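S.K.: Listed in order, the protein sequences are those of chains A, W, L and S.
Position in the first sequence (from 1) plus 286 gives the number in this note's numbering.
Position in the second sequence (from 1) plus 286 gives the number in this note's numbering.
Position in the third sequence (from 1) plus 286 gives the number in this note's numbering.
Position in the fourth sequence (from 1) plus 286 gives the number in this note's numbering.
Among these hints, one or two may not hold up.
The list treats identical chains as one, so a pair stands whether inside a single copy or across any two.
List time: in silico DSSO-like cross-link candidates among lysine-lysine, alpha-carbon distance up to 27 Å [claimed, not checked]:
1. K746 x K383
2. K508 x K745
3. K746 x K757
4. K346 x K305
5. K705 x K383
6. K666 x K705
7. K666 x K343
8. K745 x K305
9. K757 x K559
10. K343 x K305
11. K383 x K710
12. K666 x K383
13. K383 x K356
14. K666 x K356
15. K559 x K710
16. K305 x K757
17. K356 x K757
18. K305 x K356
19. K346 x K356
20. K666 x K710
No wet-lab data here; the hints were simulated from the structure.
The structure displayed is predicted, hence computed values, not measured ones.
Number of protein chains: 4
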Amino acid sequence: MSTISNVLAERYASPEMKKIWSSTGRIVLEREFWIAVMEAQRDLGISIPQQAIDAYKRVKDNVDLEAIRKREAITRHDVKSRIETFCELAGHEHIHKGMTSRDLTENVEQLQVARALALVRDRTVAALVLLGNRCAEYRDLVITGRTHNVAAQSTTFGKRLAMFGEEMRHALFALESILENYPVRGLKGAVGTQLDALTLLDGNVDRVQQLEQRIVTHLGFKNSMDCVGQVYPRSYDYEVVNALFLLAAGPSSLARTLRLMAGNETASEGFAKGQVGSSAMPHKMNSRSCERINGFHTILRGYVAMVSGLTGDQWNEGDVSCSVVRRVALPDAFFAIDGLLETLLVVLEQMDAYAAVIKAENEHYLPFLLTTTFMMSAVKNGVGRESAHEVIKEHALATVQDLRTRVIRSNDLAERLEKDVRLKLTHAQVEEILAQGRENTGSAGSQVDTFIASLEPWKKRFPTISNYRPKSIL
Amino acid sequence: MSTISNVLAERYASPEMKKIWSSTGRIVLEREFWIAVMEAQRDLGISIPQQAIDAYKRVKDNVDLEAIRKREAITRHDVKSRIETFCELAGHEHIHKGMTSRDLTENVEQLQVARALALVRDRTVAALVLLGNRCAEYRDLVITGRTHNVAAQSTTFGKRLAMFGEEMRHALFALESILENYPVRGLKGAVGTQLDALTLLDGNVDRVQQLEQRIVTHLGFKNSMDCVGQVYPRSYDYEVVNALFLLAAGPSSLARTLRLMAGNETASEGFAKGQVGSSAMPHKMNSRSCERINGFHTILRGYVAMVSGLTGDQWNEGDVSCSVVRRVALPDAFFAIDGLLETLLVVLEQMDAYAAVIKAENEHYLPFLLTTTFMMSAVKNGVGRESAHEVIKEHALATVQDLRTRVIRSNDLAERLEKDVRLKLTHAQVEEILAQGRENTGSAGSQVDTFIASLEPWKKRFPTISNYRPKSIL
Amino acid sequence: MSTISNVLAERYASPEMKKIWSSTGRIVLEREFWIAVMEAQRDLGISIPQQAIDAYKRVKDNVDLEAIRKREAITRHDVKSRIETFCELAGHEHIHKGMTSRDLTENVEQLQVARALALVRDRTVAALVLLGNRCAEYRDLVITGRTHNVAAQSTTFGKRLAMFGEEMRHALFALESILENYPVRGLKGAVGTQLDALTLLDGNVDRVQQLEQRIVTHLGFKNSMDCVGQVYPRSYDYEVVNALFLLAAGPSSLARTLRLMAGNETASEGFAKGQVGSSAMPHKMNSRSCERINGFHTILRGYVAMVSGLTGDQWNEGDVSCSVVRRVALPDAFFAIDGLLETLLVVLEQMDAYAAVIKAENEHYLPFLLTTTFMMSAVKNGVGRESAHEVIKEHALATVQDLRTRVIRSNDLAERLEKDVRLKLTHAQVEEILAQGRENTGSAGSQVDTFIASLEPWKKRFPTISNYRPKSIL
Amino acid sequence: MSTISNVLAERYASPEMKKIWSSTGRIVLEREFWIAVMEAQRDLGISIPQQAIDAYKRVKDNVDLEAIRKREAITRHDVKSRIETFCELAGHEHIHKGMTSRDLTENVEQLQVARALALVRDRTVAALVLLGNRCAEYRDLVITGRTHNVAAQSTTFGKRLAMFGEEMRHALFALESILENYPVRGLKGAVGTQLDALTLLDGNVDRVQQLEQRIVTHLGFKNSMDCVGQVYPRSYDYEVVNALFLLAAGPSSLARTLRLMAGNETASEGFAKGQVGSSAMPHKMNSRSCERINGFHTILRGYVAMVSGLTGDQWNEGDVSCSVVRRVALPDAFFAIDGLLETLLVVLEQMDAYAAVIKAENEHYLPFLLTTTFMMSAVKNGVGRESAHEVIKEHALATVQDLRTRVIRSNDLAERLEKDVRLKLTHAQVEEILAQGRENTGSAGSQVDTFIASLEPWKKRFPTISNYRPKSIL
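The shape of chain A in the complex, shown without the other chains:
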C-alpha cells in the first residue's frame, strides 16, 4: 500500500520546514543527543570507552526507519526500539544511561520547536519587509475607507495595509519573546528528581549540574526548567502553537480584506501567467491564495484547540495522553504557518490595486465620506453636535435612497446640505470641504511612515533573510 503523505507538509510547506520535522532527521538529532550525553558522562567520570563512543558516532546517520518500526511492533515502546536499534548498529550498550525516555524526547522535540520557531521568525521578517514596500508604494493612494463594509471616510491603501502589518509586527514580538525565553526541560529523570543521574554520578550534585549544563549548551538553549516531572508542562507547547496562531491573525485579516476588494475590483491578489481561475468559467480570477491564507488561519485554530486540551491535564508527575496529540499538532501547526507565510509572500509580491476603479468609487461616495467634516463645520457655525448629526442623517439617507433607485445618478448630498438652513453652511464652506476632502486622509501618510520605520531594526538584524522569496506555490 502506498504511503499517505502529510498534505500540509507536501503541498504547502517549504523544504526548510520539512527538514526540521522529517523522521530521519529526528532520529539523527536523538543520536547526536545521546552521543553528547555519553561524552559529558565520560568527562564527568563515568567509564565509557572512547571506542564505544566512536562506534556510535560512525553509525549515527545510518537510519533505517522500517527496522525501527518492526522492533517497535514488539516492544510497543518507541524509544526502547530506537535505543536497541542504535546499540545493535554500534555493537555497544552505553547510551541512555541514567536517562528515561523523556530525557531524550522532550529535549529533542524542544530543539525541533526552537528551530522551527526561528524559521517562522525569519519568514515573518521577510513578509513584513515586503509588506512595508507595498505600504510605501500605496502610501498616498486614496481609497474609500469602509466600516461595517460600507463607505465611511477616506483613507489610503498604504494605511490599510500598514494596519495589518502593525498587528503582524506585534505578534512577531510575542513570538520572539518565546524564542528568547523558552526553557528546555533538561535531564531530569523519570519523575523529575534527577535521581538516576545522581546515582550514576555517585550522588555528586555538582557533577549532575555540569552534566545538565553541557546538555543545555549542546541544544543551544539559554534556560532550563527547575521543577518538572517526567514531562514538561504542556502549556509550554500551547504557548508555542498559540504564538503561531496569533501570527496568522494579521495576514488573515489582510487576506480577507483583499478578497472583499476583489469583489469591488479595487484590488486583487494578482494572477500568475498560465493560471486558471475556474475549470468551467474561463473569465474567473479568484482570490485563491487569500482564501488559502484564511484557511490556514482556521487550521491553526484547530491545532490550538488540540494542544489546549493538553494543558491543565497533567496527572501527577506526568502521563502520555498527550503523545499522539503532540505527534500531530506540533509539526502540523508549523507546516500550516509555514504554508501561510509562503502564500502571503506570493500575495504580497503579486497583488495589484486598480487606481481607476478606486477613483470612481471615491467620487461616488465623496460627500458621504465627508459627513463628519460637514458636521464639524456646522458645529463651528454654532449648531449643536447632535442636532447637526440629525439633519445630516436625514439628507444622507434620502440621497442613498435616490441613488439606489437611480432617481439620481451622482451623489448630490453636498448641495442638499448647503440648501438646508439649519446647518448654516455657506456655499464657500461646502466647496472648500469638497475640494480639500478629496485628498484629505488625515494622518494616514504619517502613520504609514511610522510603520515602515519600525521595520528598520528587523531589516538590519536580518539583512539577507528579509529578501527571501518562495520559489513558487501550488
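Put chains W, L and S on the given structure of chain A with help from the hints.
M.R.: For chains W, L and S alone, kept in the frame of chain A given last:
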C-alpha cells in the same frame, strides 16, 4: 527530500481507512465519475464517440501523481490539471462537459466520506460486541463505585463498562442516522443553477433530472440536495466530523476510568508479550493504549474546531477558503477515529481486572458504601432524613480521620452507628445491612443484561463485521 | 453591590427563553419534582402523610433565593441547602427519600433543556416561514451569482436565500430528532444502580420501575436511560449545544452574504425609523443585525468548545468537574441561539434588495456570466473543450484588464469572442446567447419552488407559531 | 420578569472583579473619559465653556440604566443613546466632538481589561505565595511519584506542588508582559486616520498628538497603537483571554492531581466545618473545589475559542461582528479566572496530606521505585544496560502479578533480584539500595528551594497583596 508522511494514517489507521483516502484512489474515483457522466450524457443525446469513452476507460487506472503535480504548478488549479492529464492520456477532450470543478470534487469527496463513515460504523459495531462480552464476563464482579473519585456505593464492573457502552451505542445511532440521510450535492453547476447542464441538454429539464439521477445512483446515495451554490454548505461536513467526535466520547471515558483503576491496581488495559513500559523503569506497565484513546479524543476535538470554522462562513454562492482545511480535517479526522477504534479493540481484548485487589478495596470501604442504607433504616425507624444524615456524617468523618491516621486499621463505622441511640438502629439491623450490603448492587445486573440485549440487532445485521479484530497496533 | 446581569439573557433573549432558565423557576421545578416523587412513593407504599405533602405543596412557590444562598455558604452543597430550606418551610422531612442530588438536578435540568429545545424549534419554524416568503418575493430577481466573491454566473436572489434556507431546514431536522429521542436520566441513585430506591421499596423491582415510570411521565419524556452512573454522560449535553450551533450555520452564512451585498449596495438588512448608524458619520447604515448574527454564531462555537471539554472525561461513576461549566454553557448557549433567531426574524422582516443597482451590476458583468455558454457553443461547433476554455480565458482577462484601467467603459467581451475565428462563433449565435442569457438562471426558479413546498408540513404542524414576530430588538 | 444574573460573576467572582465590569461603573468610566477629552480639547483651543464642563461633571455619577436602554430601543445605537442621555442630563451638547463611538468604547474597554489584568496578577501572586508555603511544609514528605498514574520513583509532595507552581509562575510572567506592553488604541477616529480630530484642531498635527497623549495619560497606559482602523485588531483581545487560560493550566493540573490523590486517600483538598459532601451519602468528602478549578479551566478554553473567532476576521477598517462576542467573552473570562483563583486560594489553605497513608503506599511500592537504581548498580557491576533492563522487567512483572493475585502480601522484588545471578547484585548492594532508597528523592528538596526563592521578588514587590485571602466561597 524524503516525503513527510501522515502520522495518523501511517502510525495508527487501518489499511481499509487508508485505502479510502489515498491520493491514487481518489484520482481513480474522479475518473470513474467523469466516465459515468460521459456515459449518461451520451445516453441523453450528447454526441460523445464510444471510442473516446473507451479510451478514457483504458487509461483510468494509469495515475502519475507527479505529472499532475507538475501541471498544477503552472495552472495553479488542481482540477484543471487533472482534466488535462486525463485528456492527454486518453487523447480526447470529452470529459467535464457542462461541469464545474465542484461538480466533480464535491461529489467524489462525499463518496469518500460516506465510505469512511460506513467503515467507522462497522468498527464501532465490532467494538460494541466485544464490550458487551466484557460486560457479561464482569456482570457480577462487585466493585466499589466511585463518584468524585472517592468511594460511594457498590456497583459491578460489568455495569461500569455498560455505562460507557450505552453512551457509545447512542453515538452509533447518531452516526447511522447521518449515513442514512446524508444527501449528495449532485451536478448543480457553477453557481448551483444547473445552467450549463441545461444548456448542454438544450434546456430540457427532464433530461437534466435524469442526468442528475444517474449520477446519484452511480455514487450510491439515496438523496441529493436541492438548493446549493457552487459548494454544499460546510455544516454538512461539520455534522460528519462531529459525529466522529461524539463516537469518541464513550471510549474516552472508558479509557480514563481504566487509567484510574490502574492507579489502584483494580484493573489494567493488559500488557502484551515483549512489551516495555519504560525505557528507564523496568517494572512499569503503563496504560499507554488508554492514554492514546484519550489523545485521539483530544485530536478529534481539534478537527471539530477546524471544521466548525467553515460553517456559517459562506460568501454568496461559495468561496474556497475551506479548501485547505477540508484537505486536512476530513481525512485526518477519519484516521483519528479509526486509530481510536483499533486501539479500543485491542484494549477490550487485553484488559484485565484483579479480583483480589478489588475485594480488599470493597472490604475496606464497605460500611461507607452502605451509609445510605443505614440512613434509610434509621428513617424507617422514625428518624428524620436530614437528622439521620447529620448523625451518620459525624461518625463517618471521624472514622475516615481515624483510618487516615492509622488510629484504626479497619473500618468500624458500623459499630459506631449501632452505638449511637439517635439512629435507633438495632444490632440485628446493622448486621443485616452489612450481610446483605456486601453483594447488593441494586439493578446493576439487570441493567447489564438490558445493554447486552440491545446489541443483538447489530450483531444480526453485521454477523461477520462484529468479529473484526485489528492485526496489531504499535 | 449591584448585580451583574447575564448580558445574553438581558440584552438579546426573549422573555420565553428567560423564563425557562430563571433561578426562581428552576427552584419551583425542583419542588414540583420532589412532590411528584413523594406522591409516587406514597402510592407505592411508603408511609408519607398526606398532610406533609400538602404542606410542601402550599409553600412550593415561596422562593427566597437569598435564604438558600446563605445556607449554601455553610453546607457548601447546593442541593442540600435547597432540601433544608424546603423542609423548613413545610415543617416536614419527607422529600428526597431514596434519592441522591443528581436524581433531582439531572432530571430537572433535562426538563429545562427539553423545553428550551422546543422553543428554539418553534422560533426556527417561524424564521423558515418568513424566509420562504422572501424566497417567493425574490424568486425571479436575477442577480450576478458570485463565487470566490467575483462574478460567476446569473442566479436569482430568491435562490440565493433558499440555499441558506435549505441548510437551516436540514439543521432543524437534526434538532427535531434530538427532541424526539432525548432520553431522561431518571431516578438511578448515587452510582446508577437504583440501590436506595430498591431499599426504600423493600427490594421490589417492579415498584422501582413503576416509580421510575411515574417520574418520566411527570417530566413529559418518552425515553429514559438504562445504564448510567451518578450523572448521565455529558456527550448528551454536547449533542444539544451542538445542535444549536448547527442551527446557527445557515443564518450566519445568510447574514454574511447580506453584509457583502450591502457593500455593493445590492441589498441591505433594512434600517428602522429613528435608527442611528454611527455616532460620528450620519450617513452610515450598517449591517449591525447581520453582524450580530455572525457574532452569535461565534459565541455558540465557544459554548460548543466548553461542553466538548466535558465529553470523554467521566471518572468512574461520575464527578462534578462539569458542574460550573454546565451552569454557564447550557443556559447561555440557549440565550445565544434565541438572540440569534430573534435578530434573524427582524432581518428577514426588514431586509431590502435594490433592483436598479442589481440590474446595473448584471449588465456590467453579463458577457462574463455567459462564458460557459460561449464555451458550450464553441464545443457544439466542434472546438475542443479545453481549447475553447483557453481562448475565452485569453479574451476575458484582456477585457477585465481594459475595464479596470478604464480603457473601455462597458464590457465588450462578446464582440471579441465573435471576432476570434478559433471559436467558430457566428454573429447570430453570439446575439442569441446574450439575448437569452440575460434572464436565464437555469433551474433557480424551480429550486426555489421546491424549497418553499418543503416548508408546508411545518406550517401546517405549527400554524400559529409560524406567525411569531419578536416585539423589537436593541 | 426578574433579571437573569451572570452566574460566573454572582456565584464565583470577587467583589473587586465585579466592580470593574459593572454596568454602572462602565458608564461612569465613559463619562470621565468624555470629560477628560473635553478638558484637553478646551486646553488645545476648542471653544467649550467651563460651565458646560462643570455641568457634565456634576451629573456624571447620575446613572439611570433603564433610561439609557429605552433610548437605545429607538436609536438602536448604544453609544448614541449614552451620548444623548448624558447631554440631556447636563443640558449641553459638547461631548464626543471629533470622536467616533469607538474612540470612546475601545479605550474604555481597554481600561477595564488593564484593571482586570492587574487584579488577576495580584491574586496570582497571593496564590503563588501560599503555594510556596505549602511547598516548604511538604518539602521532605516522601511520596510515591507516579507516571502514567502508576508508581514510578520517589519524589516529595513539596516537589510535586512546586512543579505546578513553576508552571503558574511562568504564566504569570507572560501575563505581566502583556500588562506592561499592552497598547491602547487612542483617539484615531472613524477609520483610524484621526481626520476629525485634525479637522477640529484646524489640521494642526502637533495639537492632535497632544490630545492623544493627554488621553493615553488619563487612561494610565504607556503605549498607544499607530496604525489602526475603527477598531483595534481583535488579536489583542485574544492575547488577553489567552493569558488567562494559560494561567489556569498550572492550577488545573494541581487540582487534577489532588483529585487523584484523594482517590488514594494520600491527600485531600480539605473539608470545611458544616460542609456536606453528598445529599445522599453522609460519608462523602468530595474534591468539589478541585473539580471546580478544572471546570473553570474548561470554561476559559471556551472563551478562548470565542475570541479566537474574532481574530483574522477584520473587514477593511473594521466591522462589529465582534461586538456581542466581546460583551460576553471579555468580562466572563475574567470572572472565570477570578473564580478559579479564589477557589485555588481556598484549596491551598485547606488542603491536607495524610502521612500515614503515604508511608504505607511508599512501603508497598519501594522495590519498584528503585528499579532504575538496581539497574544502575547492575550496570556498574558490568552488566549491559539493556540486558539488566530485561532481567529486572521479568522479575518485576512477576512480582506485580503475585501481589495482584494476593499470592504474596508484601513486595519481595528485591529478594528476587538478589537471587538472579545475571544481575551480579550482592546482598550488601541490595540492602544499601533499599536503605538509602527509602528517603532518596534526588534533587527534589533543592528544586523546591529554588522555586520558593524565585517567589521572593514578587513578595517584596507586593507585600500586602501576597497576604490576600478570599472571604469564603460557595
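S.K.: Determine for every hint whether it applies to the structure shown.
M.R.: Hint check:
{"no.": "1", "hint": "K746 x K383", "verdict": "neither (45 Å within a copy, 42 Å between copies)"}
{"no.": "2", "hint": "K508 x K745", "verdict": "both (25 Å within a copy, 26 Å between copies)"}
{"no.": "3", "hint": "K746 x K757", "verdict": "within (24 Å within a copy, 55 Å between copies)"}
{"no.": "4", "hint": "K346 x K305", "verdict": "within (17 Å within a copy, 35 Å between copies)"}
{"no.": "5", "hint": "K705 x K383", "verdict": "between (91 Å within a copy, 24 Å between copies)"}
{"no.": "6", "hint": "K666 x K705", "verdict": "within (18 Å within a copy, 61 Å between copies)"}
{"no.": "7", "hint": "K666 x K343", "verdict": "between (82 Å within a copy, 23 Å between copies)"}
{"no.": "8", "hint": "K745 x K305", "verdict": "within (26 Å within a copy, 46 Å between copies)"}
{"no.": "9", "hint": "K757 x K559", "verdict": "within (15 Å within a copy, 51 Å between copies)"}
{"no.": "10", "hint": "K343 x K305", "verdict": "within (21 Å within a copy, 40 Å between copies)"}
{"no.": "11", "hint": "K383 x K710", "verdict": "between (89 Å within a copy, 18 Å between copies)"}
{"no.": "12", "hint": "K666 x K383", "verdict": "between (83 Å within a copy, 11 Å between copies)"}
{"no.": "13", "hint": "K383 x K356", "verdict": "within (24 Å within a copy, 49 Å between copies)"}
{"no.": "14", "hint": "K666 x K356", "verdict": "neither (84 Å within a copy, 31 Å between copies)"}
{"no.": "15", "hint": "K559 x K710", "verdict": "between (57 Å within a copy, 26 Å between copies)"}
{"no.": "16", "hint": "K305 x K757", "verdict": "within (16 Å within a copy, 32 Å between copies)"}
{"no.": "17", "hint": "K356 x K757", "verdict": "between (38 Å within a copy, 14 Å between copies)"}
{"no.": "18", "hint": "K305 x K356", "verdict": "both (24 Å within a copy, 22 Å between copies)"}
{"no.": "19", "hint": "K346 x K356", "verdict": "within (19 Å within a copy, 35 Å between copies)"}
{"no.": "20", "hint": "K666 x K710", "verdict": "within (10 Å within a copy, 67 Å between copies)"}
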